[in-house]
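A.B. asks: Here's the letter readout for the chains.
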Amino acid sequence: MTRTDAPAKDGFLPAWLSPGAAVIASLGLLACVGLAFAPSTTSEGRVMWTFARPHYLMYESRVEAWNKTQTPKIDLKLISLPAMERRMMSAFLGGVPSADLIEIERRAVSRSFAGPIESVGFYDLTDRLKQEGLLDAINAPSFSPWTSRGRVFGLPHDVHPVMLGYRADLVEAAGIDVSKIETWADFAREFSKLQVDADHNGEPDRFALNMWETHNDHLELLLAQAGGGFFDESNRLTVDSDINAHVLATIVTWIAGPSRIAADAPNFSAAGNRLKADGYVVASFFPDWMGDIWKHEIPSLSGKMKLMPLPAWKKGGPRTSVWGGTMLGIPKTAAATPEQFEELWKFAKELYLSQEFTEILYRQGGIVTPVKKHWSSPLFDEPNAYFSSQPTGRLYINLAPEVPHRNSSPYNTLAMNRVADSLVRLAEEARRDKVYDYASLKERARVLLKKAHAQVADQIERNVFIAEPDAAETVRPLQTGAFAPPRPAKRGGVVERSETGEGSWSPGTQNDQIAAVPSPASPAAKRSSPRQRGEEARGPQSDVKAGGGA
Amino acid sequence: MSAKAAAIPASSARSPLAPWLFLSPFLICFAVFTVYPLIQAVLLSTQTTFGPGATRFVGANNFVALFRDPLFWKACSNTLIYTLGSIFIQLPLALGLALLLESPNLRGRSWLRLVLFSPSMVGVVFAAMMFGLIFEKRTGLLNQLLHGTLGIVGIEWDLDFGWLQQHVMLGLIVASLWMYVGFNMTFFAAALQNVRKDLVEAAIVDGAGPVSRFWNVTIPAIRPVAGFVVLMSVIGSFQLFELPYIMFSSSAGPDNRALTIVLYLFQNGFEVGDLGYATAIGWALAVILVGCTMVQRLLARGEEASA
Chain A
1 MTRTDAPAKD GFLPAWLSPG AAVIASLGLL ACVGLAFAPS TTSEGRVMWT FARPHYLMYE
61 SRVEAWNKTQ TPKIDLKLIS LPAMERRMMS AFLGGVPSAD LIEIERRAVS RSFAGPIESV
121 GFYDLTDRLK QEGLLDAINA PSFSPWTSRG RVFGLPHDVH PVMLGYRADL VEAAGIDVSK
181 IETWADFARE FSKLQVDADH NGEPDRFALN MWETHNDHLE LLLAQAGGGF FDESNRLTVD
241 SDINAHVLAT IVTWIAGPSR IAADAPNFSA AGNRLKADGY VVASFFPDWM GDIWKHEIPS
301 LSGKMKLMPL PAWKKGGPRT SVWGGTMLGI PKTAAATPEQ FEELWKFAKE LYLSQEFTEI
361 LYRQGGIVTP VKKHWSSPLF DEPNAYFSSQ PTGRLYINLA PEVPHRNSSP YNTLAMNRVA
421 DSLVRLAEEA RRDKVYDYAS LKERARVLLK KAHAQVADQI ERNVFIAEPD AAETVRPLQT
481 GAFAPPRPAK RGGVVERSET GEGSWSPGTQ NDQIAAVPSP ASPAAKRSSP RQRGEEARGP
541 QSDVKAGGGA
Chain B
1 MSAKAAAIPA SSARSPLAPW LFLSPFLICF AVFTVYPLIQ AVLLSTQTTF GPGATRFVGA
61 NNFVALFRDP LFWKACSNTL IYTLGSIFIQ LPLALGLALL LESPNLRGRS WLRLVLFSPS
121 MVGVVFAAMM FGLIFEKRTG LLNQLLHGTL GIVGIEWDLD FGWLQQHVML GLIVASLWMY
181 VGFNMTFFAA ALQNVRKDLV EAAIVDGAGP VSRFWNVTIP AIRPVAGFVV LMSVIGSFQL
241 FELPYIMFSS SAGPDNRALT IVLYLFQNGF EVGDLGYATA IGWALAVILV GCTMVQRLLA
301 RGEEASA
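Top line first, the protein sequences correspond to chains A and B.
According to our numbering, the stretch in the first sequence is residues 1 to 550, in order.
According to our numbering, the stretch in the second sequence is residues 1 to 307, in order.
Fair warning: there could be bad hints in the mix.
Below 27 Å or equal to it, Euclidean Cα-Cα: the simulated BS3-like pairs (lysine-lysine) are [to be verified]:
id: 1; chain 1: A; residue 1: LYS304; chain 2: A; residue 2: LYS193
id: 2; chain 1: A; residue 1: LYS193; chain 2: A; residue 2: LYS314
id: 3; chain 1: A; residue 1: LYS68; chain 2: A; residue 2: LYS349
id: 4; chain 1: A; residue 1: LYS315; chain 2: A; residue 2: LYS346
id: 5; chain 1: B; residue 1: LYS197; chain 2: A; residue 2: LYS442
id: 6; chain 1: A; residue 1: LYS130; chain 2: A; residue 2: LYS349
id: 7; chain 1: A; residue 1: LYS451; chain 2: B; residue 2: LYS197
id: 8; chain 1: A; residue 1: LYS450; chain 2: A; residue 2: LYS68
id: 9; chain 1: B; residue 1: LYS74; chain 2: A; residue 2: LYS450
Think of the hints as simulated: they come from the structure by calculation, not from any bench.
So here's chain A without its partners, still in its complex pose (with noise of 0.2 Å):
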């Protein structure tokens, strides 16, 4: 290139830069400088992820207590669920580290079940809870969200036991006794005298209990408390039982037609809980977390609410439920040696099974605590000034013991859904047709229950994982002495476990000690397929589970 042909120089920049492109490379460096001046975000100690706001207030101050004397230091963070969620599992999949602890909801977790056995991201605590007895300390049905193919793999936070919320002020004043209501025909007949058409459009004003179609937690919950549900103990799939349909069949006789109780007040809406303060809805379904959020959101109804058990669907049946839950996991990445293992497992014990915590959940949540021994305390024994002075933790603790177990099958989101799907047919076929005998809805219910169970069994065919007939086996025994932080082996594209027993360590047992996991799963339940369970487990079936959002 001849002299003549060089651009010429623009003002101070030099021939070879043009002004685009120092912007461009200004921006950069003072990114550059930013970043490198910027705070580290790096954590003091151990990362501790909470998703619920009001779990982070509670913990905070246990936290910071642990923190001034005990090592090592826990840094409490909250984070979405879903954002939770979604990190959680690139982790696990991925391999790569997380949390330390982290704290999940049961719908949330079930997805890290799906897998072989050996590839689920906490560590199995089933034989740490049996040594130290906490199998036995903590309420039983309290473990079942965590328990996939019979090993634990969290530390469970509540119970959740339910109760039905209603409006006392009006129920009294209408001279309804609610202690001889006993089942749900008792409570449909004499809380439908509730329902008045105060401006005689023709339609009542006010309606019994807060229960829609779309109402999805609370379907669960009452398939739940009647006994149905969407798998057995077998992990058999019996989305499509008599006592689904019976549950269903019942509930659109409650939603539509001449005998309507229920009507929508959605929960977590200002919409509904302007319906609930209003008393277009008489009672609720009261999960022990409810009545705290019920509390800020709807302080109008101070002193109009009382609790009572949920009516049974047969006399002597469960007067209870669940709704939503909550555990604390240890991360298999979070802890490469024992000792490591043995600072957070003392950590999340401290946190959840204390004396002081127990407190703390009940004033601050208004929650339960799933250790039996520190039910005796006083504390639930105390008025509640929002429930007319009852003693609402007393009343849940009774009912405790009650509370149905449930499956954690990473299947119960899509089952629950695929019900849903069904119940909303249901209907708005019945609104169609005009039909609301409740032998012919349970008819048209089992109809689609089948279909909703035939979807839901082809999808479970499709996980060659958890169908896997070697799934739930023995994890290989790990040589004597040599701690092996969990490394599942990968052959053939396919996670195996390996032949020395690396990944087989168990938090449960001493680091010199051989852990040998027996399988929980019952042999019929592992070799037949999703389908061939689901078509032996027609019939009414007894498992349960349930879900929400505490």
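With chain A's structure known, arrange chain B on it following the hints.
C.D. replies: Just chain B now, kept in the frame of chain A:
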């Protein structure tokens, strides 16, 4: 040979590596971010997975299951309804508004344009949450408004009208109308400004009325832009995800009435964890979109040939 070319050393001009060197930034990015993911997507669609670590080859099983999956077909039909709503309601409305804006007697044109365009600047998440509240039963603004206004003329509007239960797709179409009609209007407005005035004047001289001028002059003139807007709307509609996902609190609504193809892909990939099946859904969506594009191009080519 020019002076510039003469200044380039002969050795570098002949170097066979030189073009590749200059192309390499693009080629590397293209290979890493396009070709490799595409190959991986093909492989993934033939596997059942539990994350990247646990995979099992299943051949064409994912595609076979997909075609037998009633939920996939439900997602397709919902997406198609939404797409048709977008094309046959949203685009004519956008064109109508553009014609209104181009009307010579209109006052406050700039303000009106801003008002109509501004919803497209609002985030989809915000809009979805807002319409969730608007469509509520009993306390929702829309039902209250209809109940109040229609009540004046003696029509009883049901406060429990289930926008988010029985009329889910209608609700989604209404929400998307609010968001995108102004955006599409700007394309049509730009196209209308480019309609040749001499043709319009010639049509007037020939005695053509407003309707005749619209069909015979305006529509042919804006056809290329209209084709582009239709194609973009179809592609955008088939990718519908955030609106139903937020409006129905991360679910597919009652009885899967808000289930779209992308939402179903998301559910399978990121909620169930079956990336293989989700990839198969992605390929099905890609085939649908390629089909739509080809149809649009064929139609456009046919029109060009007939013109």
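A.B. asks: Give a verdict on every hint.
C.D. replies: Status of each hint after checking the structure:
no.	hint	in the structure
1	A/LYS304 x A/LYS193	holds, 19 Å
2	A/LYS193 x A/LYS314	holds, 21 Å
3	A/LYS68 x A/LYS349	holds, 17 Å
4	A/LYS315 x A/LYS346	violated, 44 Å
5	B/LYS197 x A/LYS442	violated, 69 Å
6	A/LYS130 x A/LYS349	holds, 14 Å
7	A/LYS451 x B/LYS197	violated, 62 Å
8	A/LYS450 x A/LYS68	violated, 58 Å
9	B/LYS74 x A/LYS450	holds, 18 Å
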